[in-house]
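Just so you know, the sequences run in chain order S, E, L and H. At position 11 of the first sequence the residue is numbered 32 (the working numbering), and the sequence of numbers has no breaks. At position 217 of the second sequence the residue is numbered 238 (the working numbering), and the sequence of numbers has no breaks. At position 27 of the third sequence the residue is numbered 48 (the working numbering), and the sequence of numbers has no breaks. At position 310 of the fourth sequence the residue is numbered 331 (the working numbering), and the sequence of numbers has no breaks.
It is worth saying that the hints were derived from the structure and are not from the lab. Yeah, the Cβ is synthetic: ideal placement off N, Cα and C, and Gly gets one too. You may find that some hints are simply not true.
Here chain H is said to cover these stretches of chain E; the calculated rule only asks that three of the stretch's residues, wherever they fall, bring their Cβ under 8 Å from a Cβ of chain H [claimed, not checked]:
{"id": "1", "stretch": "179-187"}
{"id": "2", "stretch": "259-273"}
Computed beta-carbon distance windows for the label pairs [unchecked claim]:
{"id": "3", "chain 1": "L", "residue 1": "G287", "chain 2": "S", "residue 2": "G25", "range": "17 to 25 Å"}
{"id": "4", "chain 1": "H", "residue 1": "P279", "chain 2": "E", "residue 2": "L168", "range": "29 to 37 Å"}
{"id": "5", "chain 1": "E", "residue 1": "R133", "chain 2": "S", "residue 2": "R334", "range": "42 to 50 Å"}
{"id": "6", "chain 1": "E", "residue 1": "R307", "chain 2": "L", "residue 2": "R395", "range": "18 to 26 Å"}
{"id": "7", "chain 1": "H", "residue 1": "Y50", "chain 2": "L", "residue 2": "D377", "range": "20 to 28 Å"}
{"id": "8", "chain 1": "E", "residue 1": "E81", "chain 2": "L", "residue 2": "R341", "range": "50 to 58 Å"}
4 protein chains.
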Amino acid sequence: MRAGIAESQHPLVPLVRALADRCGDDGDYVHWGVTTQDVIDTGAVLQVRAALTAIRRDLERAVVSAARLAARHAETPMAGRTHGQHAVPITFGLKAASWADELVRCAARLRRAEEAVLTAQLGGAAGTLAALGTDASAVRGAFCRILDLAEPEVPWHAARDRIRDLGHALAEIAGAGERIASEVIRLQATELAELSEPLADGHVGSSTMPQKRNPMTCEYIVATARLLRGTTGVLAGAPAHLHERDMGAWAVEWIALPQALILTGGLLAKLAAVLEGLVVNPERMRANLDLSRGQIMAEAVMMALAPELGHERAHEVVTRAARRATAERRDFASVLLEDPDAAALLAPERVERTLDPSGYLGLAAEAAAAVSSRITDGR
Amino acid sequence: MRAGIAESQHPLVPLVRALADRCGDDGDYVHWGVTTQDVIDTGAVLQVRAALTAIRRDLERAVVSAARLAARHAETPMAGRTHGQHAVPITFGLKAASWADELVRCAARLRRAEEAVLTAQLGGAAGTLAALGTDASAVRGAFCRILDLAEPEVPWHAARDRIRDLGHALAEIAGAGERIASEVIRLQATELAELSEPLADGHVGSSTMPQKRNPMTCEYIVATARLLRGTTGVLAGAPAHLHERDMGAWAVEWIALPQALILTGGLLAKLAAVLEGLVVNPERMRANLDLSRGQIMAEAVMMALAPELGHERAHEVVTRAARRATAERRDFASVLLEDPDAAALLAPERVERTLDPSGYLGLAAEAAAAVSSRITDGR
Amino acid sequence: MRAGIAESQHPLVPLVRALADRCGDDGDYVHWGVTTQDVIDTGAVLQVRAALTAIRRDLERAVVSAARLAARHAETPMAGRTHGQHAVPITFGLKAASWADELVRCAARLRRAEEAVLTAQLGGAAGTLAALGTDASAVRGAFCRILDLAEPEVPWHAARDRIRDLGHALAEIAGAGERIASEVIRLQATELAELSEPLADGHVGSSTMPQKRNPMTCEYIVATARLLRGTTGVLAGAPAHLHERDMGAWAVEWIALPQALILTGGLLAKLAAVLEGLVVNPERMRANLDLSRGQIMAEAVMMALAPELGHERAHEVVTRAARRATAERRDFASVLLEDPDAAALLAPERVERTLDPSGYLGLAAEAAAAVSSRITDGR
Amino acid sequence: MRAGIAESQHPLVPLVRALADRCGDDGDYVHWGVTTQDVIDTGAVLQVRAALTAIRRDLERAVVSAARLAARHAETPMAGRTHGQHAVPITFGLKAASWADELVRCAARLRRAEEAVLTAQLGGAAGTLAALGTDASAVRGAFCRILDLAEPEVPWHAARDRIRDLGHALAEIAGAGERIASEVIRLQATELAELSEPLADGHVGSSTMPQKRNPMTCEYIVATARLLRGTTGVLAGAPAHLHERDMGAWAVEWIALPQALILTGGLLAKLAAVLEGLVVNPERMRANLDLSRGQIMAEAVMMALAPELGHERAHEVVTRAARRATAERRDFASVLLEDPDAAALLAPERVERTLDPSGYLGLAAEAAAAVSSRITDGR
């Protein structure tokens with residue numbers, strides 16, 4: 022086959038000849054009335070169907086694991102961070118719920134893309150199926166039934182949007198995976214150490230620095246996501262197929278489509294494993310919440326003062342206290358208790374209560390539980 | 022505002038202050054408990070809703086016009102072309118049906134993306150809405166009801182897949198537009214001259230070459246599609262928002278999202294106009310069908326011989342005849358009639374009938390009519 | 022090795038162990054003081070050097086062939102086309118000169134990128150080479166000398182711009198190839214038939230349509246260029262390596278860099294073959310020049326009238342004549358001779374001369390010859 | 022003009038008319054013999070020249086500031102981090118030297134791109150300049166001299182690689198900027214707090230959380246880099262201009278090129294300001310070095326043991342000690358002194374010396390100084 026393709030410069034004719042040889046007298050009917058692209062496109066669709074079995078399974082594992090993390094840690098407080106800075110407390114469950122929620126949308130999107138893409142191709146040389154004469158319609162119908170694929174009203178030789186929908190759905194899986202993996206890498210940083218990807222026994226972290234716990238699985242996920250985005254970008258980048266069939270645009274799919282499926286499969290297997298075995302360290306989360314000695318609760322203090330002082334004035338009071346606490350390296354509480362404006366309105370016991378992260382978690386636990394139940398109830 | 026933003030380096034605070042000033046005593050409650058991203062995200066969603074009104078309208082115009090072309094030209098024969106070469110005859114209606122079919126999928130995809138993206142954002146500093154205390158849930162509910170937007174279970178500050186779904190839907194519209202416009206440009210080429218985009222009176226084709234009919238509207242569509250793909254690529258390219266909110270990834274949307282909507286709007290207005298006023302030249306289509314003096318019907322001849330000679334032998338006979346016709350610059354028919362193998366099986370009258378393009382259109386007219394009815398019946 | 026990598030999840034440690042095993046007592050010094058990325062990066066650079074040998078050779082073949090086409094066809098007239106429309110005559114040599122000129126810039130760009138990228142990597146765990154103690158500088162010097170690679174002042178573990186320069190240089194080769202191949206496809210279209218990629222004997226054009234001459238090599242070039250652009254886009258898309266080394270960003274190169282080199286090599290082998298064997302059909306070029314029955318010379322007529330009538334008035338006169346010639350399907354010459362304004366200024370012999378494409382080629386032949394000589398003289 | 026463009030759908034004719042009107046009798050010679058693309062391309066090149074003045078100036082500011090940071094902090098120790106984990110010590114000067122080194126390459130690359138791109142365009146309708154008759158060559162020569170632009174041997178209407186070289190050079194500036202800004206964001210994180218972008222007085226960090234120091238300028242840099250990459254990607258993505266001029270591919274530059282220049286200018290102004298005012302906190306760097314209570318020096322200990330124990334055995338000993346220190350939350354030093362294998366070879370004083378980060382900085386200071394001198398000496 023390899024030699025035949027090299028000599029003929031044709032991607033299919035050598036296969037047709039080989040099949041025909043094996044079919045004896047009926048061999049003459051191999052490839053009867055159809056075009057190369059009918060065969061390769063339909064074959065690609067069947068490969069997609071096979072690949073999506075593994076992809077769906079590992080995506081489901083990831084969804085379920087994220088939902089479980091959301092449920093288990095619905096009330097585990099940790100620092101919420103925006104712009105890379107401590108903002109206000111959240112719970113780890115809320116973060117995991119955001120992952121689970123995005124992954125569920127990935128699954129729905131993939132289902133829709135799969136439905137669209139599982140469409141047969143049978144149009145003949147230029148899409149009219151004229152070579153099959155009056156049998157054309159019946160043959161196409163039977164072809165689709167046998168393969169259990171949808172029958173298109175017009176051939177899609179030059180209209181590849183269904184393939185691009187699949188590309189988008191795969192890229193979104195990668196995007197969700199990259200967001201989760203990047204977050205784990207970041208929260209596994211030496212200084213934060215709140216999460217850790219599972220470390221199997223045989224894994225080698227660093228060849229020279231035995232103290233390290235490198236989040237290499239998450240790094241592979243990130244790298245895979247970037248590669249996949251390049252690949253689906255290739256699919257997205259050539260929509261203007263010329264005339265009835267355009268091999269210059271079409272042939273990119275021969276490499277890009279299988280590569281996209283392989284990369285997604287690899288990414289999801291790793292992502293599912295990371296989410297299933299994720300090591301969560303509530304102690305470190307708590308320690309980091311205390312790192313600013315109370316300042317992470319500045320908004321809570323401001324909201325406590327605002328009904329009396331007004332929003333803007335409360336902001337000024339709290340800013341002043343926060344700066345002083347930083348400059349003098351003191352607990353936020355003690356500075357607040359010395360501040361005439363704050364102290365006038367907030368008794369010591371009220372200051373203490375206001376500075377307790379577990380009292381300022383808003384809808385976090387409720388949201389985490391809701392997302393988690395929605396997912397696990399539906400399964 | 023401009024000065025305030027320059028000084029504060031903050032995209033929203035100057036607006037908050039200005040609104041508060043205008044609200045008298047209630048001004049203190051402007052921006053109460055929410056975060057900048059709540060406001061900008063919800064505002065962006067409202068802009069999306071407004072923009073999609075125009076986009077949906079012009080997309081519908083394009084769908085309907087393409088369907089009409091499919092119906093009107095269901096039986097207009099023209100050369101089907103693959104690899105840039107004449108293949109077998111099709112009808113222009115089949116080509117237009119392929120456009121209409123893809124545009125209908127664009128509309129369905131856009132509807133789904135719109136549903137997803139019309140979701141409010143209200144999470145406060147890190148998504149817990151803690152600053153609103155026990156009112157959080159009620160306030161968020163009212164906020165979404167008043168704006169008529171979906172209420173998210175968890176905030177999507179860092180999970181931007183709905184925005185990317187919209188980007189994909191817009192890119193697909195552009196892709197369909199680019200395919201159609203590129204085809205018009207190509208079929209309007211001096212040598213083909215089968216189609217022409219509408220030429221308004223005031224339009225200037227070339228400043229120096231008065232004979233030219235430049236398909237400039239289609240070229241603008243192609244250029245716009247490429248720009249749009251760059252823009253939606255930016256949206257797709259930064260999925261890994263860090264922690265609870267990440268301005269480095271988020272702020273790209275401030276430019277990319279409106280730009281994507283504007284480009285799509287511009288593209289669709291032009292595309293609808295091209296499809297509505299497309300000049301179709303059946304005479305030139307017919308002339309081009311005759312260009313090869315019958316050779317475009319080579320497959321038909323081969324299929325006529327194949328039942329007797331077998332597929333492979335028929336291919337050889339027809340190849341030999343085609344080469345001779347080319348070398349001697351003769352009609353394919355006359356060469357076939359001289360060819361002992363062909364002539365033995367096909368009487369002159371049969372050759373003539375076999376070489377008639379209108380007898381070898383397969384399912385073209387039927388498919389064009391089916392797509393067209395499906396679209397117009399549904400409206 | 023495969024099993025070792027799977028178990029350790031580490032890309033290099035199994036190799037280090039295997040090498041150490043083979044080195045007997047000295048095995049302990051394998052990988053002494055260096056980091057995995059030192060080894061993989063330097064290895065990649067050596068692979069780049071090897072791959073560029075083939076790439077440079079085929080790029081040179083393409084440059085020389087394009088230059089030869091420019092020289093040989095410096096005076097072969099053909100239709101110049103803009104917006105897909107006939108504009109004014111050019112020569113095929115000018116077109117080929119534009120290809121040669123771009124390919125020469127590709128070669129210069131590649132040389133610069135190669136110089137930059139052939140830089141060794143040896144920095145140890147975080148770039149200080151501290152593990153080598155006082156020998157660090159001497160070891161690094163020797164390492165670079167032995168491998169004949171440039172020695173970097175600071176390690177480039179996290180600064181990958183040289184790799185991206187290479188990516189850009191490869192993408193530009195692909196871009197030039199795609200431009201040339203697309204032009205061949207277009208000029209090989211049934212209606213134009215001015216060029217044809219070489220058709221080797223064993224090649225199969227179409228499995229069913231024996232009359233076709235599909236430009237499949239050029240289509241493979243186009244497809245390869247698009248795939249390559251996706252790959253170099255991946256390299257370009259992750260510049261922000263974190264801290265001292267960042268595997269999430271770096272590991273994309275493991276797949277993207279070899280793939281980019283392979284795709285470029287494949288593309289160039291095909292491109293060189295197409296340019297070396299390109300079939301040029303001056304007869305068809307001439308026939309297409311005559312297709313508009315003189316109107317392709319409208320600008321020449323306008324410029325002949327402009328000194329007397331003024332530019333704008335001349336434009337009006339020529340536009341009127343062109344429209345009339347089109348409407349009445351007549352030769353442009355005969356209409357001009359009937360037009361009072363044109364005929365008053367241009368005698369029949371002058372009209373004839375003005376409508377001769379070979380008299381309106383401007384700098385085409387000169388430019389083609391100049392580019393061609395510059396290239397062949399330098400070799 | 023706006024109305025004229027809308028009516029004519031032509032980007033230049035209204036301008037030509039307006040200029041002609043203002044030129045009295047000579048007005049007829051406005052646009053004489055040239056094509057629209059000659060004018061727009063040459064105008065774009067002049068805009069590029071103007072924009073690069075600002076871009077070069079701010080790039081130089083960034084280079085010099087980075088070099089100064091390298092010199093000033095050549096010996097300031099901090100944690101080197103790989104995979105997001107503490108690896109071995111480096112100096113901040115080494116990190117800044119890596120920035121400076123990449124920025125210097127950006128400047129050299131930009132210079133080369135500028136040289137290439139500052140090329141005039143004057144080819145007339147299809148590149149032959151035939152409309153200028155025998156004056157063509159002289160006119161083109163004068164045109165280039167007056168504008169001080171290079172004269173191309175062949176027109177580059179359809180060969181846009183110089184523009185793409187500029188795009189690459191701008192994208193690389195953005196890439197360097199994104200790497201630096203991302204690093205500042207990360208090192209400014211609450212837990213690390215080693216760097217901080219300058220905080221001007223009027224800047225508003227957070228509207229609700231007064232304790233925050235949001236690295237918003239760096240975030241704008243990151244967002245701008247991503248937008249710019251999308252824009253230069255558009256330039257890179259359409260190399261296959263058709264025939265002699267192709268507006269569908271060319272017109273993307275009308276938006277993408279100015280946008281790329283504007284984004285680069287904005288990014289560099291911010292980047293220069295960040296580097297000039299960067300707040301470096303050596304105390305926090307030192308504190309973070311001590312965070313692992315000695316384990317960041319594990320490699321140093323291993324290298325100290327390796328000459329006696331062999332590399333592999335030393336790795337085992339150190340790993341065992343590191344795990345124990347972590348499990349028992351003890352200083353690495355005390356665990357090592359209890360470890361029989363380590364203690365046998367390393368006396369307490371040797372352990373102490375080996376665990377001192379300032380004694381394990383390798384070539385860091387030397388490299389930082391070398392890069393810095395190379396830059397400042399050349400200025």
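Check each numbered hint from earlier against the structure, then list the numbers of those it violates in ascending order. Hints 1, 6, 8 not satisfied by this model.
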